Amino acid sequence: MTAIIELRGLTKRYGDLTAVEDLDLTIEAGGVFGFIGPNGAGKTTTMRMMTTLLRPTSGEARIAGHSVIDDPQAVRRVIGYMPDFFGVYEDMKVWEYLDFFAACYDIPAATRPGMIDDLLSLVDLGHKREAYVETLSRGMKQRLCLARTLTHDPGVLILDEPASGLDPRARIEMRELLRELQQMGKTIFFSSHILSEVADICTSIGVIENGRLVASGNVAEMMSRLRAHRLITVRFMPGDAFDLTEAEVWLRDQPDVLSVTAAGDTPLPDTVQLDFGGDDAGMSALLARMVGRGLPVVSFSEERGDLEDVFMLVTHGLADENHPAT
Amino acid sequence: MAEITTLNPTTPGRKRLASLFNNPMAMKELRSRMRGRRAFALLSLYLLALGGVITLVYLTYTTSVGMPGSTAGYTAGKGLFAAVLSVQVVLVTFVGPILTAGAISGERDRQTFDLLRTTLLSADSLVLGKLVSALSYIFLLVLVSIPLQSIAFLVGGLSLVELALSQLLILVTAVTYAIYGLWCSATMRSTLAATVATLAGTLFITFGLPILAFMGAFVLGTTWGMSGSTNPILEIIMIYAGLVAAAVNLPATLIVSEVFLLDRNTLFFTSQYVGGQNVVLFSPWLLFIILHVLVAVFFYRRTVRRVRRINDV
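These protein sequences, in sequence, are chains A and B. Count along the first sequence from 1, then add 43; that gives the number in my numbering. Count along the second sequence from 1, then add 34; that gives the number in my numbering.
Worth flagging that the hints you see were computed from the coordinates, not collected in a lab. Note that the structure is a prediction, hence the values are computed from the model and not measured. Please note that a few of the clues may not be correct.
Non-contacting residues of chain B with respect to chain A, defined by C-beta distances greater than 12 Å in every case (computed) [to be verified]: (1) M59; (2) G70; (3) V123; (4) R144; (5) F147; (6) L149; (7) L154; (8) L155; (9) S159; (10) L160; (11) I185; (12) Q201; (13) V282; (14) I289; (15) Y307; (16) R342.
What the simulated footprint calls covered on chain A by chain B, stretch by stretch (three residues with Cβ under 8 Å from a Cβ of chain B suffice, anywhere in the stretch; the number is not a length) [claimed, not checked]: (17) 118–131; (18) 139–148; (19) 212–221.
Below are the SDA-like pairs computed for lysine to any residue, each with C-alpha atoms no more than 20 Å apart in a straight line [stated by the list, open to error]: (20) B/K112 x B/V129; (21) A/K136 x A/R155; (22) A/K184 x B/S66; (23) A/K184 x B/D143; (24) A/K136 x B/V124.
A virtual CB, placed ideally from N, CA and C, is assigned to each residue, including glycine.
Isolated chain A, as found in the complex (with noise of 0.2 Å):
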């Protein structure tokens, strides 16, 4: 695989504020790269050098070999960029708009209509051909700009929080086209800071807070680095010979067992939870001396953590370093 998006040292200052620093990243060929941070973190600042909308104060970002500052007409033959906010023409048909973007992008006249027809098959919205713009819904315009953003078919996709402000299914779909157009070759950039998102579709992910990544690589790679524990879940057949509190002192007291607590926030009965330190072998041994000695186990399961974990973990993180305890 090929890096795709370098970012070396990418600095912005404005005054005394630095929005992003010394920021290190690279992107291969074909990936989808969550970029997750709250807001101001300095995502769309990022996206906005890489897109040769903003010069950065320092370092370089190099899309497709292209240098942002040297060569940034480069740049913007091989991307499709779509902002967080984003206006349309209203008084345009739809084609008219893709047909002026496509125009924009040096397509010639004759090929357009054919491109305008499978751009508008792809993102759902060949039945608003002639339709105004005016007229769409919010998701439906969203569907279109990110349309507009592949009239000239480019190799990477830099999409600034491309979900937000639509409804539970416009998302939906919004994702499944991202999945779509991955499956296209595409190499897709976009950041959220919704996380349940990012982690359904991502390859990789990257965590900025306050301007500086805190965290990225692959999606797995990342939980199982900064999930040090896992979390059992085992669920108990309940019953006359069965003693839980009996149980829950024999578990404390195996190995690689940190902690056993009530499971969830309404405790269940004859249900625990275990903080486990060990890796799978442990689990499967663990497991057998609970059925060995007899304890009547109806599940045991481990809970799987999500992105969100992952980011609380990597942010309190820096958050501690920032404010060290006094």
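Here the structure of chain A is known, so what remains is to put chain B in place on it, guided by the hints.
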């Protein structure tokens, strides 16, 4: 999906002309502006209003002076010509620049400017497209008023040279002021600020400068009158300064050039004795065109540079 291709290589001149007619921005703007009943209704209203003004001027002259065909016809023809020309002056001095004042800032307000700046559309094409679309509409209004203006030919009092010269000056002014509006639009953050700056500039040139020039002339005349002596050199300088001042202002240029044409029977130069010296005087329209073309080129280049700039903030 379509691949990126470039336009066929042609000679630079042809390519530029082709790009003017194929400019995506110009096509988009014209399509939006001329769509539906609005453009038709505006044009009809404009012609109705202009027709009303012409009828009023014609009736005023013919009822107060006499029937056309005599010298009254000559006066009525001049009146009609002046009335239509005044409307054209208002169009190119105020309406045209207002149209362009919102052209680029409007893209910012609408949040479409960033979308455009990440396409391959060059700053030059964007500015040219905006200019062509705004001017096309203004020129359409000017063009449809020419048949009404030509009524003056029927009643007399208008020569072909007067008509051609006036339309040339209108054309140059339209282009220059529209480019000035575009520059304001590219420089200011909002359409409102751009419109205010554009109007302030055109109002100053049209009304402010003549007032200042009259005040200056009055002060100098009073000073000379009190001293009781005249300096021929100073007098010549004042005449030239007056001509230059006239060449900055469209109404003044139209009036003074008309005076040259009617009184001196010349389109370009004449001479006059001042303080015993024969001084060559030039009709201000020549200088007007040179000055305005230079100003237009200056503001056009500044506008393109402003649009091209990658933001530092």
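**Request:** Would you pick out the hints that fail for this structure and give their numbers low to high?
**Result:** The structure breaks hints 1, 2, 4, 5, 6, 7, 8, 9, 10, 16, 19, 20, 24; every other hint is satisfied.
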